[in-house]
Every structure is written in C-alpha cells, then in structure tokens.
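In order, the protein sequences belong to chains A and B.
For the first sequence, my numbering gives the first residue as 1, with consecutive numbering after it.
For the second sequence, my numbering gives the first residue as 1001, with consecutive numbering after it.
Hints listed in this document are in silico derivations from the structure and should not be mistaken for laboratory results.
As the structure is a computational prediction, the values presented were derived from the model and not from experiment.
Just to be clear, a hint being listed does not mean it is correct.
What the hints assert, rightly or not - Listed next, the in silico DSS-like pairs over lysine-lysine satisfying Cα-Cα at most 25 Å (straight line):
1. K279/A to K1333/B
2. K16/A to K1110/B
3. K1031/B to K77/A
4. K1333/B to K241/A
5. K1027/B to K77/A
6. K1333/B to K232/A
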Amino acid sequence: MNQVVAEKPAAKRKPKETGVPDNKQFLHPLMEKNYGNWKYHDRPRPGVLHHVAHSGDEIWTVRAGTQRQMDVHTIRKLCQIADDYAESRVRFTIRSNIEFMVSDEKKVAPLIAELEKSGFPVGGTGNSVTMIAHTQGWLHCDIPGTDASGVVKALMDELYDEFRREEMPNRVHLSTSCCEINCGGQADLAIIVQHTKPPVINHDLVANVCERPTVVARCPVAAIRPAMVNGKPSLEIDESKCMCCGACYPPCPPMQINDPEYSKLAIWVGGKNSNARGKPTFMKMVASGLPNNAPRWPEVAAVVKNILGVYKEDARPWERLADWIDRIGWPRFFEKTGLPFTKYLIDDWRGSRANLNASTHIRF
Amino acid sequence: MAKKLYDTPRLDQLESGPWPSFVTGIKELAKNNDMAVDLLGQLEASYETKKGYWKGGTVGVFGYGGGVIPRFTELKDENGEAKYKDAAEFHTLRVMPPAGMHYDTDILRKFCDIWEKHGSGLIAFHGQSGDIMFQGATTENVQPAFDEINELGFDLGGAGPAVRTSMSCVGAARCEQSCYDEAKAHRAIINTFLDDIHRPSLPYKFKFKFSGCPNDCMNSVQRSDMAVIGTWRDNMRTDEALAKKWFAKHGMDELVNDVVAHCPTRTFQVKELSKIKSGEHITSVAVSDTHGVEINNQDCVRCMHCINVMTGALAPGMDKGATILVGGKSHLKIGGLMGTVVIPFMKLDSDEAVEKLVDFAQRTIDFFAENALEHERTGEMIERIGLANFLDAMEIDVDPSMVSAPRMNPYVRTDGWDEEVAKINAKKQAA
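If we strip away everything but chain A, and leave its shape as in the complex, we get (with noise of 0.2 Å):
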C-alpha cells in the first residue's frame, strides 16, 4: 500500500482509528448546556449574532475574516485573543472565518477592538459579502490554472468593506476555483478557470505516465483516443470535439492543459444551495476570457465590483443574486451591467434545452 517504506516495519506505531472526534469537548459551556434548545438570534450590528436560548440565556458571537491558509503565529495570535478578550472557546464557519463566543455582552466591543487592531475584520454576517470558498491553487495544487489563496486576498481587498458592513440586498456567497472541476462550488459569483484551447501533449511522457484507457473514459466528449505518435504508444485529441475542459490533466499530466496566456478566467453567478424561496440553483457563465493577471487579478475584480455594485443598487431586500435576476431577466441583467451577452453563453451540454426561452414571455 501506500505507506511510507519503513526500515524497521515491526517499531511503527499502528493509526487509533479514532474517526471524528466529539464536538462537546470543545463547546463552549453554553452552548453545551443549551444544545439543541436556541430560541432566537438577532444581529446587533455586522460581524455580531446574539443567540437567545429557550432557557434564557444569551450568547454573543464575533465573526472575523482569516486568510484561511494560516501560519501558526496567526492561529496563536487568534488563540491569545480568545483567551484574553473571549471564553478560549472558537469555531470556524465554512467560509474560513473565525468565531468567537462570548457569555457577556460587556466583552463584545473589546474583543472586536482587539481583533480589528490585530488586523482580522469583523462583519461577514447576514447581508454582507463574506469570505470566498477557497481552494489550493499554486499553493499547493497538483493541477492548477491559477493561484487561489491570492486571488481571495486581492478580491477581500477591494471587498473589505462590504464585508464588514450588511449593506447588499441579502448575502453573498463567493467562491474561486482554479480549474474546471470548481472545488469552490456553487456560489452567487463565483470565478473559475476557463481553459480555451486544448491540452498539448508530450508524447515522450504518455506511455510511462498514463493509464491511457482510463484517460480515454474520462473525456467528457469522447476526444480522445489511443494513438502511435512517434513509434510510441500515446494518446492524441479530436480538437474539433475537444471543449477544454481539463478532464484529462489530472489522470495524465503529460497533457498539459495550463497555459499562461490561454488559461482564462470566467465569472459565473445565480448558484444558491439555500432552499429559501426558491429551490437551490446552479451557476450561470456570464463573462469569460479574463486574462489570470497576478498577482492582483485586477480585470476580474473590476468584473465582480461591477456586478455586486449593480446587484446592489438594483435588487429588492432578500432577493439573493439568483432571485434579482429571476425578476429583472437576463436580458436586463446584461444591460445593466455592460457585459456582451456572446454565443458562448448560449448552453449546448446535455440538458440545455431547458435554458432556452420556449415562450414568449420576454421583458422589452
């Protein structure tokens, strides 16, 4: 198996399959004595929620943006402020931010004070643009189109403000990915790689690398098939079938999909998991062919600004970006925020029929 070759096989220590720990070790006393029996919460301001229990008793919760990939003089750093300014008892949410609980409403103003000195940000609370879902990238991805951890800083930069502040229409939920299987998931706006040529293949590598039936099964559109390129035994890829998706990289890296300047960036927005008024829903592509500008990305964020700006200004309370665009309709959408509405945006995957307009139900 895949152990690491051991010398002396006999001194290793063997694994306590101990799985998930319990979470009561950790909770903070109140929570564990009024689990399961939470009456309310309020917000009293951005970056605070206030949890009234059926008992009686309240606890007040500090939410704070981290840079998700953290070195350990930040994680002691948190740890000392939830030790001197909260109850040394913290959790993290899905979105990387940190929470502090807190028994006393006293303590609230100065372990905010302390954590803003100290360089965290307050707020990614109800109506607020909060942390973005967060993958690897060049940090330490095996197959990459762009950086990830970087991206999220040099977007939180230019989104600081919204979010420490509930100002949007509903919340916002971001996510990065940066390669076509979108471990960032379903977001109201998120950006992902969009490669836009296909992979190029170095036929010296193939034979040795690649299980090359296993790489022939994992295109999508069947554009791949075993070929003798070279006198070697190889792989080669019907490029009029060929989309680019990448599928075939990670089982077989000699088919290099990355490209410098061909690996664009595209923005995708209306996914929402959350059942609230209406079901949960997929992303839709808006914009692509964004250059993957580092380190700042600055032609993506003036995308995302625009269309956040936009959502804003234009969308009713509650309505997430999904619900606004329900109402305004695409055509507006895209008039209202500039984007050229191309073919590409036009779906031809399986199942697309259902994104066409059979209807005449057209907003003018």
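Given chain A's structure and the hints, the job is docking chain B onto it.
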C-alpha cells in the same frame, strides 16, 4: 535563523491591502524555517510563469492508504535537482475536524506546536471537504506528525476513491433552526465508514454532508453524494411577543414585500385578525392589534424564508427530522448535479433512528461499490440506471416528493402497471 528570502516582487504585492495576508504569514514562518523560504520561492515562480509546479505521488502513514496529499516539486534546475530543495517535498495531512468545527484554544495551540515541529507551520482551517489541512511536511515527517495528531484524538480524513471527510453546520450547538442533532448523525455515519475513509477502494469519492435545516449552510445539496438536511412535518411554531416586536420595528411594507411576496407557494398571508382561520394545519400569529399572519402548513415547502426574516417569531415545528438527498456533485464528468430526494422524511431523534440512517448509508455505499463504473459518482450512476432502479435496490417505496413532475414522455414500458398498483394498495391496507 533561516536562510535568506528570495526576492518575491509579485507575492510582495499581496502584502498590501487590509485583508489578512497569507504571504505575510508565510514570511513570518520563513524567519526560522527553510521550507517556508523555499515555498515562497516556488510560489513566486508560479506567479511569474503562471504554472503550477507540484505533482502527486505516493506517501502515507503506516496502516492507512489515504489521507495524505503528496506533493513533490517539479521545478528542477538543468541537473534535475529541485530548485527549491527545502520545499521539494510538501505533503499535506488531511485531518477530520469535530462536527461544527468547534475548538478550544488549547487544542489549536497543540496543533501549532506539532506542525511547527514536524511541518511547515502552515495550517488551513479548512479545506473544501472540511479537513484541517496541515500543509507542508517532508515524507520523513509525515508519520511522526500524524502520530502526535492522532494521540490528541484526531484522525486522518479521506482522499482519492474513498468516503471523504464530512462537514456539519453549527447546528444544535447554537442555531434555533436546527432540526436534528447534526453532530450525532455526522459522527455515527462517518465513524461507521472509517475503513472506507482510510483504505480507498470505492469506484470514486463519496461525500456526506449534514445541514440542520433547509438553509443548507453546508451546501450539501450540490456538494455531497448524500445530503442530510433537517426539516419538520408539523406546523410552524410562533411567538406572539417576538412577532409583535418584529412588526413594530419593520412595519407592514416590509411584512408584505419582504415576506409575503417571497413565499414560494403563497401560503403565507397577512390578514385582519378577525379574518384569520383556525384549523388543524393552520399556523397563525398576531403581529399587531389589528393584523396577523396565517400559514397553511400543508402548502408550505419548508423553504425557511419567512423563518429567516422573522426568526423567533416563526420557528420550525416540533416533529423534526431530515430529508435525505442523494447524488449531488460538481461538473465532471456529465455536468453538475444537485442531489435528489430519496427519503422525504426520517426521524433522527433517537439512537435507533440514527441507526436507520447509518443502515441506509451502508446499503447505498455497498450498492455504489458494486454498481458504479470506475470514476463514476453516485449521481452519475443513478442517472445511468434510473432513480427507480436505485430505489428498488434500496427497498425504498417511490413517492411523488421525489420528483418535480411526473414523466413527460411515453417512452417507458408499463406492462407491470397493474401489479405495481396492487402492491401499493396491499401496502396501504397493511398499514
């Protein structure tokens, strides 16, 4: 003291601006950590050339087949030597978090001490599957780092074609919308499948996610092969004091425009108090001396919107449980899929009830292992064989809650129709 930092003009630009900077953090590590120095060197190269330089490989811990993400540098000089040798091996340990991602400072400090000793000092809270990611260890240090983490009561998560690490929302610990004990279900399921987590041998990955209510804060509907989403069957509860408090603050315009207008089934009505109906399925509450809210719960789809807006004034009912959806996944290979309903409602309020969920999960994974093609997710498998066949194998009766509409084409062979009707009638009579 570590070796000298490389020039990183591109990464340096990610140190300005108000959001916390991971570059500043890694530079802090690099003061006495050569691995961090070389990590910055390689990352700067990626920023310059816009290429990634990591490849996978085979690294693990004794006794397990997964849970470590191996990373070896591909950035070599003309002699084939790693350009940034101190980060030439930069493996990640995926470690499963407690449900709800709760910690105390003591355990976080212990993680820091271990990772400062054995790894790069870089930890991500958390990865997209929910793991604590201890990023950056040499092959040699993976085992001692794991041993110490494991002694703290934490275990490796999943990677590859395995049951994966799971996530659950804050849930019952601090949320009034929680409809079941997320942490209990989470632990019961995941700790049943430890063998399938630690020794990858499924056709492809299998993810569970646990959300306490239909707000689905864990995004389980599109990020998990099996989503357990809390819901309730009986009438919504109310609190008149909180309802009046809400109305006094927000007024009639907001009640009409922000709540009534957004109700997806238009079951939420505002009426004069004298006109409010009562009945077995009616929830009503006064918001003022003249007006109140009336909800026919039979028409309610438990979307959560009105509860989100008027939290406390309105609340989920008492007959709580969960809806189970199967088959969610992202794009590859056939396109993104939402999970679809296979169990409209099940109670999860006792050990026996949770055991039923574990049993269903077990049978689903067994069927998946047996029937999915290589690299096929559960949702793709169900799309290929049809939901009815999957339900049949799971011994689950069909239910109209599983579809958004019945069949829209005649392309089905229905010569078993009478038999099916007879079976349904027999079951009805037996019940």
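Hints, verified against the model:
no., hint, in the structure
1, K279/A to K1333/B, "holds (23 Å)"
2, K16/A to K1110/B, "holds (18 Å)"
3, K1031/B to K77/A, "holds (17 Å)"
4, K1333/B to K241/A, "holds (15 Å)"
5, K1027/B to K77/A, "holds (16 Å)"
6, K1333/B to K232/A, "violated (28 Å)"
Violated hints amount to a single one, hint 6; each of the other numbered hints is respected by the structure.
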